[in-house]
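**Q** Chain by chain, the residues run as shown.
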Amino acid sequence: MCGIVGLFIKDPALEPELGRLTARMLETMTDRGPDSAGFAVYGAGTDGQTKITLRGVAADAIEETVTAIESAFPGATAVLHDTHAVVSLSSGDASHLGDWLAENSPETEIVGRGSRMEIYKEVGLPADVASRFGLATMRGTHAIGHTRMATESAVTTDGAHPYSTGQDQCLVHNGSLSNHNNLRRVLRREGIAFETENDTEVAAGYLSWRMREGMSLGDALEVGLTDLDGFYTFVVGTENGFGVLRDGIACKPAIMAETDQYVAFGSEYRVLADLPGIGQARVWEPEPATVYFWER
Amino acid sequence: MPEVDLGITPLRELNGTLHNLPADTNETHWIVDNPAGRHAIAAGLDAPLKVEINGPVGYYCAGMNKLATVQVHGSAGVGVAENMMSGFVHVSGDASQAAGATGRGGLLRVDGNASSRCGISMKGIDIVVKGSVGHMSAFMAQAGNLIVFGDAGDALGDSIYEARLFVRGNVKSLGADCIEKAMRDEHKAAVHDILTRAGINGQIDPSEFKRYGSARKLYNFNVDNAGAY
Numbered sequence: 001m002c003g004i005v006g007l008f009i010k011d012p013a014l015e016p017e018l019g020r021l022t023a024r025m026l027e028t029m030t031d032r033g034p035d036s037a038g039f040a041v042y043g044a045g046t047d048g049q050t051k052i053t054l055r056g057v058a059a060d061a062i063e064e065t066v067t068a069i070e071s072a073f074p075g076a077t078a079v080l081h082d083t084h085a086v087v088s089l090s091s092g093d094a095s096h097l098g099d100w101l102a103e104n105s106p107e108t109e110i111v112g113r114g115s116r117m118e119i120y121k122e123v124g125l126p127a128d129v130a131s132r133f134g135l136a137t138m139r140g141t142h143a144i145g146h147t148r149m150a151t152e153s154a155v156t157t158d159g160a161h162p163y164s165t166g167q168d169q170c171l172v173h174n175g176s177l178s179n180h181n182n183l184r185r186v187l188r189r190e191g192i193a194f195e196t197e198n199d200t201e202v203a204a205g206y207l208s209w210r211m212r213e214g215m216s217l218g219d220a221l222e223v224g225l226t227d228l229d230g231f232y233t234f235v236v237g238t239e240n241g242f243g244v245l246r247d248g249i250a251c252k253p254a255i256m257a258e259t260d261q262y263v264a265f266g267s268e269y270r271v272l273a274d275l276p277g278i279g280q281a282r283v284w285e286p287e288p289a290t291v292y293f294w295e296r
Numbered sequence: 001m002p003e004v005d006l007g008i009t010p011l012r013e014l015n016g017t018l019h020n021l022p023a024d025t026n027e028t029h030w031i032v033d034n035p036a037g038r039h040a041i042a043a044g045l046d047a048p049l050k051v052e053i054n055g056p057v058g059y060y061c062a063g064m065n066k067l068a069t070v071q072v073h074g075s076a077g078v079g080v081a082e083n084m085m086s087g088f089v090h091v092s093g094d095a096s097q098a099a100g101a102t103g104r105g106g107l108l109r110v111d112g113n114a115s116s117r118c119g120i121s122m123k124g125i126d127i128v129v130k131g132s133v134g135h136m137s138a139f140m141a142q143a144g145n146l147i148v149f150g151d152a153g154d155a156l157g158d159s160i161y162e163a164r165l166f167v168r169g170n171v172k173s174l175g176a177d178c179i180e181k182a183m184r185d186e187h188k189a190a191v192h193d194i195l196t197r198a199g200i201n202g203q204i205d206p207s208e209f210k211r212y213g214s215a216r217k218l219y220n221f222n223v224d225n226a227g228a229y
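Protein sequence lines correspond, in order, to chains A and B. Quick note on numbering: the UniProt record's numbering labels position 249 of the first sequence as 249, and the sequence is numbered without any gaps. Quick note on numbering: the UniProt record's numbering labels position 65 of the second sequence as 65, and the sequence is numbered without any gaps.
Simulated from the structure, these hints should not be mistaken for laboratory data. The beta-carbon is built from N, C-alpha and C at its ideal position, and this holds for glycine as well. Hints may contain errors.
[As the list claims (entries may be wrong)] Some chain A residues flagged as far from chain B (calculated, every beta-carbon gap over 12 Å):
| # | residue |
| --- | --- |
| 1 | Ala68 |
| 2 | Arg132 |
| 3 | Ser178 |
| 4 | Asn179 |
| 5 | Gly218 |
| 6 | Phe293 |
[Unchecked claim] In silico DSBU-like links for lysine-lysine, alpha-carbon gap of 35 Å or less:
| # | chain 1 | residue 1 | chain 2 | residue 2 |
| --- | --- | --- | --- | --- |
| 7 | A | Lys10 | B | Lys130 |
| 8 | B | Lys130 | A | Lys252 |
| 9 | B | Lys217 | B | Lys172 |
| 10 | A | Lys252 | B | Lys123 |
| 11 | B | Lys188 | B | Lys217 |
[Stated by the list, open to error] Cβ-Cβ distance ranges computed for the label pairs, FRET-style:
| # | chain 1 | residue 1 | chain 2 | residue 2 | range |
| --- | --- | --- | --- | --- | --- |
| 12 | A | Arg282 | B | Asn222 | 45 to 51 Å |
| 13 | A | Val186 | B | Asn222 | 38 to 44 Å |
| 14 | B | Asn170 | A | Gly218 | 25 to 31 Å |
| 15 | B | Lys181 | A | Asp219 | 41 to 47 Å |
| 16 | A | Arg185 | B | His19 | 51 to 57 Å |
| 17 | B | Arg184 | A | Arg282 | 37 to 43 Å |
| 18 | A | Arg282 | B | Gly202 | 26 to 32 Å |
| 19 | B | Ala143 | A | Pro12 | 52 to 58 Å |
| 20 | A | Asp274 | B | Glu186 | 49 to 55 Å |
| 21 | A | Gly277 | B | Lys210 | 39 to 45 Å |
| 22 | B | Asn26 | A | Glu222 | 57 to 63 Å |
| 23 | B | Glu186 | A | Glu222 | 45 to 51 Å |
Can you make the complete structure from the sequences, with help from the hints?
**A** Set out below in structure tokens:
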């Protein structure tokens, strides 16, 4: 099963509400995915600074790691959210943080990096995960979220979505891929690294590879229709945009709503039912094998 | 007439009340407010009630319906009126996937569009869609009638048995063993009769529809194909 939510705000007046609305949408999807939950929020960014979301094994462990980072990289600042921390540092320092972590704090994972994107994910009920990270108080332009009912790999935080596909890019997935083992082998030969046995990570890696080879996200999704075998509804986030793709037979549910204020995505209509002005929204099901993309 | 607000009354309580009404009840007309896309609203009814739902419903609304009239003033999620036995289900908005799936009888009317797999494995239900239907509609349809005012998506009537499909607009593609057939007077009369029962007679001339049905080539194993297995 699994549930997906997405909210892309068009009217800046609604930006302070992004976290609150997304938290509610995520909680509504508990029945579709009680095993783990995760979300990506696109908030404020600072020129020349890179935000890196780190995940530690526990809240006190990440706190220690962050203190060490702040002394190793003068000028770095961090905001702690339970087991996660968002570290902001100069783009130059950011490129060295991975090596520094490998040496000094190998158990700390980089969950995502970019100028605006922050990613949070943990095992547990969606409402608990959202409240541990304080999602309801977060603001920003867009967010995507996922509630997982595990099928292809174990219930672990590594198996939780979203998966980052590159700078400021991430992906959530409802469905299951049947050719992920083969595709993972192919992509490893191309130099793409994988941390888990999860099928969605392969889809994320596939898109990263296609874009590394020069494709736009839209084109990468388009050719993915041929290369990714299985059932999928994908929602992807980029620095300024938000995209949706369903497999050719539209096996997994998807419904969208658009008003002057926002574009919203849900696995089921219930997700959208509490959004402002939903009664007047244009509500529709995205067509199979069709790439949808919004940008601002 | 009783009015139930699903923002206050739990859904199980509403469905339980509707299931347990005595046969001679005078409370035959129910209003349901604030459905907010909840699943299985008014599923499993088996009495000649009228249930009006003000707003969008989730999955399996009016599933397994028998005798009842269910009116949705809004859109419906996956599997509206699935496995309906008899009665009338009317959706004023759009319907999601698998509308009327496996239905054995009764009439489903959708005023908007129905998405993929509308009427999948239908077994006697009549379905009228005033908009268009998505891909794989009437997949393995066995009996009944599907009438579509708009267009049909890919693979209409794939592996169809004996259901009759009437489409006024374009058919993107026909599924395996589904072919166009002559629209004879008896078929126009059948369409006229169903539209009359759906309360929309006179809006469309039955002769504007094209009829599709089974070529009956998949009924029996063909020994010439043995090599393919």
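**Q** Among all the numbered hints in the text so far, which are the ones the structure does not match?
**A** none
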